[in-house]
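Peer 1: Okay, here's what each chain looks like letter by letter:
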Amino acid sequence: MGKRVVLVEDELNIAEAIRFLLSREGWRVETLANGSSALKVIRKAMPDLVMLDVMLPGRSGFEILQDLRADPELQALPVLMLTARGQSRDREMAERAGVSRFMTKPFSNAEMLDAVRDLTRGGPAG
Amino acid sequence: MVSLNQLVIVCLTYVAGLFIVAFAAERAALRGHGDWLLRSPLVYTLSLSIYCTAWTFYGAVGYAARSGLEYVTIYLGPSLIMVAWWWLLRRLVRIGRAQRVTSIADLISSRFGKSNLLAIVVTTMAVIGVTPYIALQLQSVTLSLSIFAVSEAPADGAVPDLGSSALWVAVGLALFTVLFGTRNLNVNERHHGVVIAVAVEAVVKLVALLAVGIFVVWGLAGGIENTLARIDASDIGQWRVDGSRWAALTILAAAAFVCLPRMFQVMVVENDDERHLQIASWAFPLYLMLMSLFVVPIAVTGLDLLPPGSNPDLFVLSLPLSEGQNGLAMLSFLGGFSSATSMVIVATLALSTMVSNHIVMPIFLAVRQGGASQSGDVRNVVILARRLSILLIIGLGYSYYRASGGSGALAAIGLISFGGVAQFLPALLGGIFWRGATRAGALSGLATGFALWMFTMLLPSFGEGVALSAGIFAEGVLGLGWLRPQALFGIEGLDPTVHAVVWSLSLNALVFGLVSIFTFPDPVERLQGAQFVNVLDHSRPTRSWTASVAGSEELMIMAQRILGAREAQVFFRHWAQRQGGAGTLPEPTPDFVQALERELAGAVGAATAHAMVAQIVGGASVSVQDLLAVADESAQMLEYSSQLEAKSRELVETAAQLRAANEKLTQLSLQKDNFLSQISHELRTPMTSIRSFSEILRDTDRLSAEDKTRYASIIHTEALRLTRLLDDLLDLSVLENGQVTLNLARCTLGDVLDHAVTTAQTGATRPLTIERDPAEENLGFLTDPDRLAQVFINLVTNAQKYCVSAAPRLRISTARHDGWIDVIFLDNGAGIAPQDRALVFEKFTRLMRTGDAGDGAGLGLSICREIMTRLGGHIDLVEGGDGTAFRVRLPAGQAEAPKARVGDMQRVG
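Going down the list, the protein sequences come from chains X and S.
The numbering of the first sequence is the numbering used here, which starts it at 1 and goes up by one.
The numbering of the second sequence is the numbering used here, which starts it at 1 and goes up by one.
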């Protein structure tokens, strides 16, 4: 076990909720509140899942997603995007950029956990 | 014996008959009936017979009795014109119709640039020239009446007053002319009633003269042979023809035939159809021949049979009377009466048109400054002027008759009249044949000719010592020998009539020509000149190309430039094949050129095409009309294009307005979208934490009490954040809509700052040192203290949150200047990057995130900006310096230093 997730979320309370939920499921959660260092952190951590907020200081979720998809080593990473800007335009943009799953805030915990499980079934290990 | 009363009754009956005929004709013409007669060549020809006045009717016989065959010249002149020069008449008729000419004065003035002066001159000359002629008619009627009166006199024992009969005749004629000459005001000045009456009178006088002639030849002289024998025996047969007099008189008669106002009236103005001229060209000479047929027999027989001293001018009447042929005498009288009346009527009509159109109306319009504003009004004035002119002219004739005392032979008066109107001839002919003729030329020629006519013909006719003294006759004006009226420039031995005609007409023509050559026509004159001279060319229905000197190559080059090379080549090849010739260039036949012109017209317009083709085909002979037409088209195109320009300008403007409106709408819509999206984000973010943690609290059984408390407090904080967001949004909305109510109160700056700093620092987690100078803040003014405090709180809170410094410090300073109070908030933080300065006051702008749930939604500074606007001041960022400096600028109003630092800030607490 010991799957890892990198969570990029600038709202500390939201990040805390997600960390609590995933830790309980056995995930090792690495949280960062700033978009600019995200890519470096992800490359270093090589997590099983990346969770991205959209509106981030430094670098937006979309940009981070594009960076990931452009990187040969990281492009296969499942990315779950969570955003409070619940507009269809954003969903389309995310899908074009290659998002694995797009969720609108506020989400139900069960839904979010389902999505995480869904995305990591099999995972890199299996 | 015929009594005078009987004569008067017959006359009245005859005149009544004429009235009826004229009236019927007018009615028929009005309804469009009877064209076959009214507009027939027969009536036209007969109406021309007003040339034969009482002078011809009575006077020709007298003329023959005195001067032998010379009377023939009076008939010869018009006949020559009709037979040989009818094309001249056709040109006149064509011009008359094309230019809607109403009289000879109108034609001449119209030709020479529509000059009113010229019209007045011609009118005056015509009146002077024709008045004796009218008097002559009155005289002849009176004379003829006198024959009856004299023969009646022994029975009555008293000779009736013949002068009054002339008056009655004049009044009757005036009445007739007024009735039928001015019944209506036609544009074309046609008078069917008058014309038909004249035609009837033409028949009457011809029949009368023929009847008398037949009676004389077969009743008195005993057949043709005896008549011829009698002629041979008489003096008339012995008279030698004077060549120069013949030529002069023939020319004079011909000129008068064209120039007499009454002839112009019937020949040109009343003409319905140009083709009538062709028939009249032989029918009218025939009529004249019939009129002259029995002149010599009557003269010879009269001289033989009547007692010596009988007036030969009245042989036509006195011969039948002397033989007791009362009926014939009556007919003869009616013939003379007809000749006189028809002449007077038409002459008066023609003159009155001229007088009213060229003298009365211009004066009327000049006097009445309003001009011809009311058309109905003016029409009435024209008719009235016409009627008064008729009365005036007949009155003039009557006066002349009374003044001259009825003296002089009929023929002499007639010739003088002819001489006067003949002066129009040079201007008339020059005007319609010579484009170089000018107004100045016409005026000088007319003046010269008329002066000479007066001096050599009219004035001498009154006899020595009447108008010109005997001395002038013998020695000339001022004793200058070359200024003798009958021997001008020292040329003596000429017949006075020949002398007068030769001098007046030749000098008239000479002066006209010379002055025309040395003067320049104005534009209207040029234009009119071209139209008059070219009247036959341009009134042809189609303008066809005849003798062509065009080069096909030139046409080809031009066509290519207009139609395009391919099209032109196809067109030319097509025509070349059609003409059956070899090669690609067709012969420039009229057909081809016309087809080409049509083709070009499709591209450049008819007039331009014609002008262009004309330049090649007809050399440089582009007519004035063509050029005018081109100018017209260009003007229209210009106007059209300027309209288009205006339209397109409008369109551009409208489009720009639409674009601006659209941009504004798009921007508004975008702003709204952004705003909604941002609100959504700001609402969803706290909601996410609330939902997530509440689910955790609900679903997790084994949760430490510590965690429970922590999660509940997070939910509480986020709920407060939501509430604050909603409060801010509502506040901003109210402020932006201008629906905010300000609670104005007098307060002191220091008090408001105290309150704000206290509020902001209550519960603050980070330390912030605030530096103030209470002395500066001792300023009182009128404002809404709560709203102002809200702004200050916001600024202090921002400094607390965002001032990144080891020892955060905020300096609040106050300055007064120019009616403003500036409160500056300067912190010692990193400041705001220049590219972000413009954004700080926009909604939902958060330049720095602390990640703290207590974060505002980014509406604080937007609210501050709105509040400051409401308070009459503003808030901005001050450039330069370290840290961030906000300046709150307040209107000082009646700011003053309050006596005590006691605000009435009841609501603050």
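These aren't lab readings, by the way, just hints derived from the structure by calculation.
Take the hints with a grain of salt, since some may be wrong.
Only pairs whose alpha carbons sit at most 25 Å apart, straight line, appear in this in silico DMTMM-like list of lysine to aspartate or glutamate [to be verified]:
{"hint": "1", "chain 1": "X", "residue 1": "LYS40", "chain 2": "X", "residue 2": "GLU111"}
{"hint": "2", "chain 1": "S", "residue 1": "LYS801", "chain 2": "X", "residue 2": "ASP10"}
{"hint": "3", "chain 1": "X", "residue 1": "LYS3", "chain 2": "S", "residue 2": "ASP699"}
{"hint": "4", "chain 1": "S", "residue 1": "LYS672", "chain 2": "X", "residue 2": "ASP90"}
{"hint": "5", "chain 1": "S", "residue 1": "LYS708", "chain 2": "X", "residue 2": "ASP48"}
{"hint": "6", "chain 1": "S", "residue 1": "LYS708", "chain 2": "X", "residue 2": "GLU92"}
{"hint": "7", "chain 1": "S", "residue 1": "LYS672", "chain 2": "X", "residue 2": "GLU92"}
{"hint": "8", "chain 1": "S", "residue 1": "LYS708", "chain 2": "X", "residue 2": "ASP118"}
{"hint": "9", "chain 1": "S", "residue 1": "LYS801", "chain 2": "X", "residue 2": "GLU111"}
{"hint": "10", "chain 1": "X", "residue 1": "LYS3", "chain 2": "S", "residue 2": "GLU695"}
{"hint": "11", "chain 1": "S", "residue 1": "LYS708", "chain 2": "X", "residue 2": "GLU63"}
{"hint": "12", "chain 1": "S", "residue 1": "LYS708", "chain 2": "X", "residue 2": "ASP90"}
So the derived label-pair ranges between C-beta atoms look like this [as the list claims (entries may be wrong)]:
{"hint": "13", "chain 1": "S", "residue 1": "THR759", "chain 2": "X", "residue 2": "VAL41", "range": "36 to 46 Å"}
{"hint": "14", "chain 1": "X", "residue 1": "GLU92", "chain 2": "S", "residue 2": "ALA806", "range": "24 to 34 Å"}
{"hint": "15", "chain 1": "S", "residue 1": "GLY738", "chain 2": "X", "residue 2": "ARG69", "range": "23 to 33 Å"}
{"hint": "16", "chain 1": "X", "residue 1": "ARG69", "chain 2": "S", "residue 2": "ASP836", "range": "25 to 35 Å"}
{"hint": "17", "chain 1": "S", "residue 1": "ALA806", "chain 2": "X", "residue 2": "GLY58", "range": "33 to 43 Å"}
{"hint": "18", "chain 1": "X", "residue 1": "GLY58", "chain 2": "S", "residue 2": "ARG837", "range": "46 to 56 Å"}
Quick reminder that beta carbons are idealized off the backbone N, C-alpha and C, glycines included.
Peer 1: Take the hints in turn and mark each one as holding or not.
Peer 2: Status of the hints after comparison with the structure:
A threshold of 25 Å between alpha carbons decides the hint, and for LYS40/X with GLU111/X the separation of about 29 Å lies outside it, so the pair is violated. With a C-alpha separation of about 16 Å, the suggested pair LYS801/S and ASP10/X falls inside the 25 Å cut-off, and the hint holds. Between LYS3/X and ASP699/S the alpha-carbon distance is near 23 Å, which keeps this suggested pair within the 25 Å criterion. For the hint pairing LYS672/S with ASP90/X, the CA-to-CA distance comes to about 17 Å; that is within 25 Å, so the pair holds.
Note on LYS708/S and ASP48/X: the hinted pairing is violated, with a Cα-Cα distance of about 30 Å set against a maximum of 25 Å. Straight-line distance between C-alpha atoms of LYS708/S and GLU92/X comes to about 38 Å, which puts the hinted pair past the 25 Å bound. Annotation: proposed proximity of LYS672/S to GLU92/X holds, straight-line Cα distance about 20 Å (limit 25 Å). At roughly 29 Å between alpha-carbon atoms, LYS708/S and ASP118/X are farther apart than 25 Å, so this suggested pair is violated.
Restraint check: the Cα-Cα separation between LYS801/S and GLU111/X comes to about 35 Å, which exceeds 25 Å; the hinted pair is violated. Distance hint between LYS3/X and GLU695/S is fulfilled; the C-alpha atoms sit about 24 Å from each other, no more than 25 Å. Annotation: proposed proximity of LYS708/S to GLU63/X is violated, straight-line Cα distance about 36 Å (limit 25 Å). The hinted pair formed by LYS708/S and ASP90/X fails the criterion: a straight-line CA distance of about 35 Å is larger than 25 Å.
For the pair THR759/S and VAL41/X, the supplied restraint of 36 to 46 Å holds, since their beta-carbon distance comes to about 40 Å. Judged by the Cβ atoms, the range 24 to 34 Å given for GLU92/X and ALA806/S is violated: they are separated by roughly 46 Å. Range check, GLY738/S to ARG69/X: about 49 Å between beta-carbon atoms, so the 23 to 33 Å window is missed. Between ARG69/X and ASP836/S the Cβ separation comes to about 30 Å, which falls inside the hinted range of 25 to 35 Å.
In this structure the hint that ALA806/S and GLY58/X lie 33 to 43 Å apart at CB is violated, the actual value being about 23 Å. As the Cβ distance of GLY58/X to ARG837/S is approximately 20 Å, the hint placing it in 46 to 56 Å is violated.
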